[in-house]
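**Student:** Throw the hints in and build the complete structure from the sequences for me.
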Amino acid sequence: MKLFTKEVKKLTVDNYPFHCIIDQSPDNDFISFKIYPSDTKTSYYVIFFSWKINWATILCHPKVCAKLINYAISNGWNYKDKNAVVKLQPGDFLIDQLGLD
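Under the numbering used here, read the sequence shown as residues 1 to 101, first letter to last.
Derived from the structure by calculation, the hints contain no laboratory data.
Since we're looking at a predicted model, the values are computed, not measured.
Any given hint could turn out to be false.
Straight-line alpha carbon distances no greater than 25 Å define the calculated DSS-like cross-link-like pairs of lysine-lysine that follow [said to hold, decoys possible]:
(1) LYS87 with LYS6
(2) LYS82 with LYS34
(3) LYS10 with LYS63
(4) LYS63 with LYS52
(5) LYS52 with LYS9
(6) LYS63 with LYS41
(7) LYS80 with LYS52
(8) LYS82 with LYS9
(9) LYS6 with LYS67
(10) LYS10 with LYS82
(11) LYS34 with LYS9
(12) LYS67 with LYS41
(13) LYS80 with LYS9
(14) LYS10 with LYS41
(15) LYS34 with LYS67
(16) LYS87 with LYS34
(17) LYS67 with LYS87
(18) LYS80 with LYS67
(19) LYS52 with LYS82
(20) LYS41 with LYS6
(21) LYS87 with LYS9
(22) LYS52 with LYS87
(23) LYS52 with LYS34
(24) LYS80 with LYS10
(25) LYS63 with LYS87
(26) LYS82 with LYS41
(27) LYS41 with LYS52
(28) LYS34 with LYS10
(29) LYS9 with LYS67
(30) LYS6 with LYS52
(31) LYS67 with LYS52
(32) LYS34 with LYS63
**Tutor:** Written as structure tokens, this is what we have:
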């Protein structure tokens with residue numbers, strides 16, 4: 001059985017590289033899904049999910065990561081701007097809205 005932990009995924013969306021850090025540490029109250037553009041760590045988009053979504057969705061799958069990146073961009077996150085920080089909590093509604101499964 002795999003212990004919950006942090007996972008890092010590298011993806012390219014619209015020809016731009018991103019890092020996704022999924023923190024599923026059991027000490028946290030929520031699962032955090034943080035998206036960084038690859039060239040900086042000062043801009044990020046973080047979505048907090050409740051633990052119950054962990055049974056329905058595997059946030060580490062590349063297609064799930066890509067959908068969440070596209071959602072962040074389409075909702076106004078300008079990842080090319082320095083210090084562009086957006087926090088979304090709770091993010092559970094995205095599971096149904098984006099068809100994440």
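**Student:** Would you pick out the hints that fail for this structure and give their numbers low to high?
**Tutor:** 7, 19, 27
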